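**Q** Read off the chains here:
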Amino acid sequence: DVKVTQSSRYLVKRTGEKVFLECVQDMDHENMFWYRQDPGLGLRLIYFSYDVKMKEKGDIPEGYSVSREKKERFSLILESASTNQTSMYLCASTPLAGGADTQYFGPGTRLTVL
Amino acid sequence: SQQGEEDPQALSIQEGENATMNCSYKTSINNLQWYRQNSGRGLVHLILIRSNEREKHSGRLRVTLDTSKKSSSLLITASRAADTASYFCANPTGGGNKLTFGTGTQLKVEL
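First to last, the protein sequences are chains E and F. For reference, each letter of the first sequence is one residue, going 1 to 114 in our numbering. For reference, each letter of the second sequence is one residue, going 1001 to 1111 in our numbering.
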């Protein structure tokens, strides 16, 4: 079974802090994704990566950056956390291009920025 | 408005009843996917239906796709309390490199 893990289930940070969210997948997938999920808005894509060191902006990249130094790991970085970044963050991976096949999701990280 | 909008937003039924959720999308697609999310958890893939398919079954799930109407439906038969979750449709966008998700249908199955 594909396993996607995220570093924390719950995280509380202060405004202005630099925040790292880590995602690791164990199935050698090429493509990895970061979404945020907010009530009434569904899932919105922040960034995705189709290969090591490659990244593409999603629909809402402002205020975020990403890093993919190894194939199995995709990190989401909030350079200076703000209260409007309080949200559920979901990581996903897929072997094929993002829309072509199943995406496998991690359990999510609920981030609260105070 | 967003791609992959689900209807209804919320649905409450009794155990044993069938639950039907609908999804509309805006662009041409080569597949449409349905996912389930239990409260506070990640999404789990349920079923993928390709654009050349009209209907697909998986256990108690039945998905239909009407590309002429740009719509899909998910039917859960003989629902159980454990089916209580949010259900999302998703379709490829951005040249097929990503999925765009709808806002979901919250299903509650009561005993």
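Because the hints were derived from the structure by calculation, they are not lab data. Model, not experiment: these values are computed from the prediction. Don't take each hint at face value.
Straight-line C-alpha distance at most 30 Å; calculated DSSO-like pairs for lysine-lysine [stated by the list, open to error]:
#1 E:Lys-70 x E:Lys-3
#2 F:Lys-1108 x E:Lys-3
#3 E:Lys-13 x E:Lys-70
#4 E:Lys-13 x E:Lys-55
#5 F:Lys-1070 x E:Lys-57
#6 E:Lys-55 x E:Lys-71
#7 E:Lys-55 x F:Lys-1026
#8 E:Lys-3 x E:Lys-55
#9 E:Lys-53 x E:Lys-13
#10 E:Lys-3 x E:Lys-57
#11 F:Lys-1070 x F:Lys-1056
#12 E:Lys-3 x F:Lys-1069
#13 E:Lys-18 x E:Lys-55
#14 F:Lys-1056 x E:Lys-57
#15 E:Lys-53 x E:Lys-71
**Q** Would you mind marking each hint as holding or not holding in the structure?
**A** Hint by hint, here is what the structure shows:
{"no.": "1", "hint": "E:Lys-70 x E:Lys-3", "in the structure": "holds, 16 Å"}
{"no.": "2", "hint": "F:Lys-1108 x E:Lys-3", "in the structure": "holds, 28 Å"}
{"no.": "3", "hint": "E:Lys-13 x E:Lys-70", "in the structure": "holds, 26 Å"}
{"no.": "4", "hint": "E:Lys-13 x E:Lys-55", "in the structure": "holds, 26 Å"}
{"no.": "5", "hint": "F:Lys-1070 x E:Lys-57", "in the structure": "holds, 27 Å"}
{"no.": "6", "hint": "E:Lys-55 x E:Lys-71", "in the structure": "holds, 12 Å"}
{"no.": "7", "hint": "E:Lys-55 x F:Lys-1026", "in the structure": "holds, 26 Å"}
{"no.": "8", "hint": "E:Lys-3 x E:Lys-55", "in the structure": "holds, 22 Å"}
{"no.": "9", "hint": "E:Lys-53 x E:Lys-13", "in the structure": "holds, 27 Å"}
{"no.": "10", "hint": "E:Lys-3 x E:Lys-57", "in the structure": "holds, 24 Å"}
{"no.": "11", "hint": "F:Lys-1070 x F:Lys-1056", "in the structure": "holds, 16 Å"}
{"no.": "12", "hint": "E:Lys-3 x F:Lys-1069", "in the structure": "violated, 36 Å"}
{"no.": "13", "hint": "E:Lys-18 x E:Lys-55", "in the structure": "holds, 20 Å"}
{"no.": "14", "hint": "F:Lys-1056 x E:Lys-57", "in the structure": "violated, 33 Å"}
{"no.": "15", "hint": "E:Lys-53 x E:Lys-71", "in the structure": "holds, 9 Å"}
Going down the numbered hints, you'll see the structure goes against 12 and 14, while the others check out.
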